[in-house]
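2 protein chains.
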Amino acid sequence: MKQEFAIGIDIGGTNTVFGIVDHRGDTLYRGAISSRKHVQIEDYIRELHQALQPAIEQVGGIDSIKGIGIGAPNGNFYSGTIEYAPNLVWKGILPIVSLITGVFGVPAALTNDANAAAVGEMMYGAAKGMKDFIMITLGTGVGSGIVANGRLVLGHDGFAGELGHTMIIPNGRLHPGTGMHGSLESYASATGVAVTAREFLEQRKNEDSLLRKYAPEEIDSKVVYECAMQDDPIAKDVYEYTGMILGMALSNFVMFSSPESIILFGGMTKAGDLILKPTREHMERNLLPIFQNKVKLIFSELKESDAAILGASALVWDMK
Amino acid sequence: MKQEFAIGIDIGGTNTVFGIVDHRGDTLYRGAISSRKHVQIEDYIRELHQALQPAIEQVGGIDSIKGIGIGAPNGNFYSGTIEYAPNLVWKGILPIVSLITGVFGVPAALTNDANAAAVGEMMYGAAKGMKDFIMITLGTGVGSGIVANGRLVLGHDGFAGELGHTMIIPNGRLHPGTGMHGSLESYASATGVAVTAREFLEQRKNEDSLLRKYAPEEIDSKVVYECAMQDDPIAKDVYEYTGMILGMALSNFVMFSSPESIILFGGMTKAGDLILKPTREHMERNLLPIFQNKVKLIFSELKESDAAILGASALVWDMK
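So the sequence lines, in the order shown, correspond to chains A and B. Position 5 (the first sequence) corresponds to 5 in my numbering; numbering is contiguous. Position 8 (the second sequence) corresponds to 1008 in my numbering; numbering is contiguous.
FYI, nobody ran anything at the bench for these hints, they're computed from the structure. There may be inaccurate statements among the hints.
To be verified - Straight-line distance between alpha carbons at most 16 Å, and here's what the computed EDC-like set of lysine to aspartate or glutamate pairs gives:
hint: 1; chain 1: B; residue 1: Lys1128; chain 2: B; residue 2: Glu1260
hint: 2; chain 1: A; residue 1: Lys296; chain 2: A; residue 2: Glu281
hint: 3; chain 1: A; residue 1: Lys2; chain 2: A; residue 2: Asp63
hint: 4; chain 1: A; residue 1: Lys91; chain 2: A; residue 2: Glu42
hint: 5; chain 1: A; residue 1: Lys270; chain 2: A; residue 2: Glu304
hint: 6; chain 1: B; residue 1: Lys1294; chain 2: A; residue 2: Asp157
hint: 7; chain 1: A; residue 1: Lys131; chain 2: B; residue 2: Asp1157
hint: 8; chain 1: B; residue 1: Lys1091; chain 2: B; residue 2: Asp1043
hint: 9; chain 1: A; residue 1: Lys296; chain 2: B; residue 2: Asp1157
hint: 10; chain 1: A; residue 1: Lys296; chain 2: A; residue 2: Glu284
hint: 11; chain 1: B; residue 1: Lys1294; chain 2: B; residue 2: Glu1284
hint: 12; chain 1: B; residue 1: Lys1131; chain 2: A; residue 2: Asp157
hint: 13; chain 1: A; residue 1: Lys294; chain 2: B; residue 2: Asp1043
hint: 14; chain 1: B; residue 1: Lys1296; chain 2: A; residue 2: Asp157
hint: 15; chain 1: B; residue 1: Lys1303; chain 2: B; residue 2: Asp1318
hint: 16; chain 1: A; residue 1: Lys213; chain 2: A; residue 2: Glu202
hint: 17; chain 1: B; residue 1: Lys1294; chain 2: B; residue 2: Glu1281
hint: 18; chain 1: B; residue 1: Lys1270; chain 2: B; residue 2: Glu1304
Model the full assembly from the supplied sequences, consistent with the hints where possible.
Shown next, in the form of structure tokens:
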């Protein structure tokens, strides 16, 4: 029987989404389970298998499935293991590829979630036909997937593309998760936006703001967004500042790999021009002339969950 | 007749070096002409042709030459043109590939000098067998050549790898050539070392130093090196500071492409451990744990001129 389908699985900190995808990138079936319900990863994989079983039968049984592609935080393509992912309930090194292969009986491949999203974008989204682009995921954290010469940049150990952890302000803001100072993620993530808002409210004590209706611990990126949409000056300045930092970082990335586009992806992109305009302005300002007005800074064209499933499934079509 | 030889040409701001190279990377003939003698580039290429003619005859005439590889500042692989190279006497966009092909009668290919050196290092030097590494050239300026997945990262327009112009200190030192602030090149080049030395002498007025024997305009990286070798504290601190900035920048590059090694190349590497030790220390300090103690930070194994000739000639073996 022809193996004409691929399973794409995106393992997130809270939920795992999955789908069965055909060669054209159509997702025939879509589902989700919790990533937090099972303490034992073996139990989690068993539930995943049960959840996928009816869909597998519908497309003609496991013999119709060429393989399984998995996107996961800290997922390593070379080793097939998830290594020390801080947001997953299972700790240490998880041999996810061999566990999945064992239960499903078909080959599996793994990469990190941002890389999977980049591949999804390249095959079916805003980066279709591009050989050089960078995907930046702006969510709770800042992730990235880099494509050069039409291939994912994985690095010698499979860990390339940790652009969220590059330092942009020496001796800058502490990142509580990594202990490092001044990394992009500590400013340009949803978490960073909330920290900036609290800092601005503290620095500009005499200035009125809609943000002051909220207790400091209630302020998150959603609150900042809503206040900015109501023209609150401090909330708008938070986006200006975030865009300045992100733009400075992007200019460095452009001078590294000279991508045709930088694609922004994830929850923070809901802010639209509030984040896009200052980011573009500061990126252009910090570029050498030969790079200016060339890079397309755009939002992803794929739904967040779809990009991850499609990108993960794309790993399967590359299998030998 | 078999086309078993390649010509490699490295166009520098002062001199042009060239050689005839065989498949094993042995340079059979080596020569040099001035890059500054002719105002008209056509005259320069004619002199280059005359200088190479006897060697071409020795290896069996032009029919034995498969092609010509050229490394040059701002050399663009895709367009075959040198574009606005500030250190060359010829200005604007130079169609060097078509000019060389026209005069020599064999195909030619071009890339920038740092990329050519990276390819030379990959084929015959410290990066032999490596698929992911970064070459940093520390000379009058700071250049770079990036290899990922075994291929040069050229970017969508051929201009990737301008790591010397990435910003490492926001609002930092002015780069007189680019007008930008805080770029790596403004600190970690030979020029930057001299500026740092002058700054330190100014800031530490009451402190004795061997560097004070020199007028400010006499201080260059060679003077700083010699004073540091005589244990002069300010001169040694100049290297500490330079290594700190370079190390911080390298940590960002590592988190971008996760290279197996970073190879330092060029005049500044003569300082040996004076520059290598602080660079390594600060690179490691700014890396996420998953990247620590993995990257080989080493010096080039090739003579500067050889790497460029060999790398340029390697473009020829890739020609279809």
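Checking each numbered hint in turn, tell me which of them this model violates, lowest number first. Hint check: 13, 15 fail, others pass.
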